[in-house]
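Assemble the dimeric complex from its two separately framed chains, guided by the hints.
The listed protein sequences correspond, in order, to chains A and B. Heads up: the first sequence runs through residues 1 to 112, numbered per the numbering used here. Heads up: the second sequence runs through residues 1001 to 1112, numbered per the numbering used here.
Because the hints were derived from the structure by calculation, they are not lab data. Some hints could be false.
[To be verified] List of simulated lysine-lysine pairs, BS3-like, C-alpha gap at most 30 Å:
#1 Lys1013/B to Lys42/A
#2 Lys58/A to Lys1096/B
#3 Lys1013/B to Lys57/A
#4 Lys15/A to Lys57/A
#5 Lys1057/B to Lys5/A
#6 Lys68/A to Lys1057/B
#7 Lys5/A to Lys99/A
#8 Lys58/A to Lys1057/B
#9 Lys42/A to Lys1096/B
#10 Lys71/A to Lys57/A
#11 Lys5/A to Lys42/A
#12 Lys5/A to Lys1013/B
#13 Lys68/A to Lys58/A
#14 Lys99/A to Lys68/A
#15 Lys1096/B to Lys68/A
#16 Lys15/A to Lys5/A
#17 Lys1013/B to Lys71/A
#18 Lys57/A to Lys104/A
#19 Lys42/A to Lys15/A
#20 Lys1013/B to Lys1057/B
#21 Lys1013/B to Lys68/A
#22 Lys15/A to Lys58/A
#23 Lys1013/B to Lys104/A
#24 Lys1096/B to Lys104/A
#25 Lys58/A to Lys71/A
#26 Lys1013/B to Lys58/A
#27 Lys71/A to Lys1096/B
#28 Lys15/A to Lys99/A
#29 Lys1096/B to Lys99/A
#30 Lys58/A to Lys5/A
#31 Lys57/A to Lys1096/B
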Amino acid sequence: QQQVKQSPQSLIVQKGGISIINCAYENTAFDYFPWYQQFPGKGPALLIAIRPDVSEKKEGRFTISFNKSAKQFSLHIMDSQPGDSATYFCAASMGGDDKIIFGKGTRLHILP
Amino acid sequence: KAGVTQTPRYLIKTRGQQVTLSCSPISGHRSVSWYQQTPGQGLQFLFEYFSETQRNKGNFPGRFSGRQFSNSRSEMNVSTLELGDSALYLCASSLKGAHTQYFGPGTRLTVL
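Pulled out of the complex, with its shape left as it was, chain B reads as follows (with noise of 0.2 Å):
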């Protein structure tokens, strides 16, 4: 079976911009959560979509949207960018009430 893949891997924006990344969980897998990693903050959970509707979400502000499509398939959109989201955002797949999550390579964002 092919892994959790995201798009792009690295990205480079400025301030003010808006992104969005892609996430394409592993073939069956129906759930599909984001976390932020950080160097200082480690991995923290921003949500977690599961047949298309979010079930879970973390303590960020609303420049920070999700969405999942009707093939598991996921998006994540970050408006309004700034200096401080520069992190490497991670998609994580499981089946549902799985507790194992299983990881993509992440998408390195860099806001200049």
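Isolated chain A, as found in the complex (with noise of 0.2 Å):
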């Protein structure tokens, strides 16, 4: 019920290309869902969220896209650059709560 499921474990894109990690939630009182990124060596940064009344949220190359019927959400990096390459958590949390969820994240590689 409390689990955030994200997908793959780990993804190897070319330059240029589309990253997509995908992530799927159970309790639908979730009502925030962030995207972090976290480079080694550093704590996760968050890099863009969305709430489940929208579908969709873009914040430059970075798109979420928001499935509520599915509980699903995706993370989608366009023209991916090695600078990318770095690992990426999808989270969830509820109300006033300051619990986030983390899922296990995604190991992403963006071959130059």
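Now the structure itself:
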């Protein structure tokens, strides 16, 4: 009920390609879905986030697509660059609760 | 604004010892959360403090404890260390009720 399932575990994409990471959740009480980006030796940093009342949010090359009925959301990275190589975590939280449930992460590698 | 700071950055302990990690949140942030990050389990929520009170707790044994001081700084303590406690321990701060959490660089704990 509290899990957020993330796939794939790892992903290799050519430079300039589109990277797609998918997540699914069960608890319909979740109302905030952030994505975090983590580089080696650093803590995760908020990349982009969405609330379930919108189906898509775009910030630069990063887009979240949200499907409320399917309880799924995904991160699309357009024109992927080697500097995007990092671990990406999807997450979910509810209400004013500061507890965030994270997916297990996707290690993304962009080939130069 | 200075970011979240964690000390120490690296720590080596032996089984059976205890350890205390420290976290200083972003100025003005009153909520501090702690996470354990391991390659196999990803980011797992330990606990969250607000105004010196523990508001949420994850599914970890009682050997893991924490506290928050009046200046919002937080410490976590792990007693009777086990090999499996080797991990990156991350602290994150946020404004009360805000979903956006800001992570520190983490403390890398190695238990020998």
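Item checked: Hint consistency between lysine 1013/B and lysine 68/A [alpha-carbon to alpha-carbon, up to 30 Å] -> Given that 30 Å is the threshold and the Cα spacing comes to 46 Å, the pair is violated.
Checklist line | Hinted pair lysine 1096/B and lysine 99/A, Cα distance within 30 Å | finding: holds, 11 Å
Next item on the list: For the pair we were handed, lysine 5/A and lysine 99/A, check the Cα-Cα distance against 30 Å.
Entry: holds, 17 Å
Notebook entry, point to check: Quick one, are lysine 57/A and lysine 104/A close enough, alpha carbons at most 30 Å?
Noted result: With Cα atoms ~22 Å apart, lysine 57/A and lysine 104/A stay inside 30 Å; holds.
Check: Are the Cα positions of lysine 15/A and lysine 5/A separated by 30 Å at most?
Finding: holds, 26 Å
Checklist line | Satisfaction of hint between lysine 1013/B and lysine 5/A, Cα-Cα up to 30 Å | finding: Violated - the C-alpha atoms of lysine 1013/B and lysine 5/A are around 33 Å apart, more than 30 Å.
Next item on the list: Assess, step by step, whether the Cα of lysine 71/A is no farther than 30 Å from the Cα of lysine 1096/B, and give holds or violated.
Entry: Satisfied, since the Cα-Cα distance of roughly 27 Å is no more than 30 Å.
Next item on the list: Verify the proposed pairing of lysine 1057/B with lysine 5/A, using a straight-line Cα cut of 30 Å.
Entry: Distance ~21 Å between lysine 1057/B and lysine 5/A Cα, so the pair holds.
Margin query: For a C-alpha distance cap of 30 Å, please report whether lysine 1013/B and lysine 71/A respect it.
Written below: Violated, at about 42 Å.
Item checked: Satisfaction of hint between lysine 58/A and lysine 15/A, Cα-Cα up to 30 Å -> holds, 20 Å
Item checked: Distance restraint between lysine 1013/B and lysine 104/A, which requires alpha-carbon spacing of 30 Å or less -> The given pair, whose Cα atoms are some 27 Å apart, holds under the 30 Å limit.
Notebook entry, point to check: Between lysine 71/A and lysine 57/A, is the straight-line Cα distance small enough, at 30 Å or below?
Noted result: holds, 16 Å
Violated hints for the displayed structure, listed by number in ascending order: 3, 8, 12, 17, 21, 26 and 28.
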